[in-house]
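As they're listed, the protein sequences go chains S, W and U. Numbering (this note's numbering) for the first sequence: 1 to 103. Numbering (this note's numbering) for the second sequence: 104 to 205. Numbering (this note's numbering) for the third sequence: 206 to 489.
There may be inaccurate statements among the hints.
[Stated by the list, open to error] Cut-off 30 Å, straight-line C-alpha distance, at most; resulting in silico cross-link-like pairs (DSS-like, lysine-lysine):
#1 U:K436 - S:K95
#2 U:K352 - S:K94
#3 U:K325 - U:K297
#4 S:K37 - W:K163
#5 W:K163 - W:K128
#6 S:K94 - U:K436
#7 U:K436 - U:K352
No wet-lab data here; the hints were simulated from the structure. Source: prediction; values computed, not measured.
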Amino acid sequence: MANQILARATVSGGVTTVQALVKHPMDSGFVKDKAGKIIPPHYIEVIEFALNGKVVLTGFWGPAVSRNPYSKFMFKGGKSGDTISIAWVDNLGKKAGTEVKIA
Amino acid sequence: MKRLYLAGFAALVLPGLAAAATPTKASAEHAIAAAEAKIKLSAAHDNQWPSTLAALKSAKAAEKKSDFATAETEAKRAEMLAGLSLQQAVSQKKLWKNAVVH
Amino acid sequence: MIKRDFVIGAVIAAVALAAMPIAHAGAKPDPAADQKAFQAYFKSRFPSLPLADYVDGPYNFSKSERDQWKQIMDFPPYQFSLDTGKQMFETKFPNGKSYADCLPNGGIGIAQNYPMFDEKTGQVVTLAGAVNQCRVDNGLKPLKLTKEPMADLVAYMTYTSRGKPIDVKVPDSPKALAAYEHGKEYFYTRRGQLNFSCASCHVQEAGKHLRGDVLAPALGITASFPVYRSKWGNTGTLVRRFVGCNEQVRSVPDKPDSANYRDLAYFLTYMSDGLPIAGPGARP
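Can you make the complete structure from the sequences, with help from the hints?
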């Protein structure tokens, strides 16, 4: 599906900064709708950020993370043109991913 | 403001003094009808408070369960709240001009 | 003796009354004068704040909020709304037409002109209202005014107007002036069990804290709408905020397409003429 993940990666002084905005309802399973029924839990469980295929950050998210999570992190390494890939899987088994080049 | 408080206080105390009679289905329905009439007035002035509607709702629910005492109390509270919001709307019709930035 | 005192008293009273500027009930509304006074008032409240900066609302009054906002805006949370809105805008209707066929300038770069007064219907039309009219005219159902997808579409259209000065007009016609005046009255009228008016918070207490939030001045407050509110977790329109404000002062809100809200938006946006469109925005 289009627009699932927006990401940007830049490098400066040997340090790469990655920002990502992930579209996901991140329903905790504790919230009720207007009719009083529980909205079923639907949240990302694991997200991985990789540099040229090698994982640099694993996020164990879960129901405490809010809707459309935004992440920003830095790591030593990476250079212009390298590929940052992002992939997540949620509690319903759905997956999504994207790739961006380090600017 | 002070008059508003006095009116509200009076509205709270006086019905209490009068409610010596045992609440019946008829008196509860009468109280609910009075509340609904007042609520209609405040709605016409475009100023309704959620607490007014909540009080009416609980009055009707109590009446359905034949709890006429609660029904009457809640209905009278709804009527009072509607009256306050009506007073607010009417007085604000003139008073709003005082707040205009100039 | 009494008669002389009475005459003296009456003369003094008459002189005093003549000297007092009395607002005649039924005096013709003067939107331009109101706007000038409104902007001058805030200038006197916050002398060092440039006019254009008012569109950043609460961020002018809290360094920590501003810093967080700057970080957030590096990767704006309304980006999804913009992408969805652009897609919606460019998608043709089943009958082959599109929004570009209904709206002035093909619907691009027009947000600064809304709300506008429609003499034919005698009503104020917001951008969202114009979008819905276009949909209905082309056989589609109107969208709900408060949330996505209408908020997405309006976000995109507003984005195409970014930087353009707000240019709402109040024509010199009785109906337009009445709608303007009605919006002005709504803004200053106290309502709800908490007895607050819009002015209570956004004029009187502008720039101050209300619990954990900072109150934005009413000047420039419409310029960043629609907004992605962290509280909502998605994008919402000005009307959505009106409903929320009503609820917060314990007043039963109107229906989203009510004349109250349209007239209020008309007055409020007109007060900010000249300030740049900054929407869509991000707020706490």
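Hint by hint, here is what the structure shows:
no.	hint	verdict
1	U:K436 - S:K95	27 Å, holds
2	U:K352 - S:K94	26 Å, holds
3	U:K325 - U:K297	27 Å, holds
4	S:K37 - W:K163	25 Å, holds
5	W:K163 - W:K128	11 Å, holds
6	S:K94 - U:K436	26 Å, holds
7	U:K436 - U:K352	13 Å, holds
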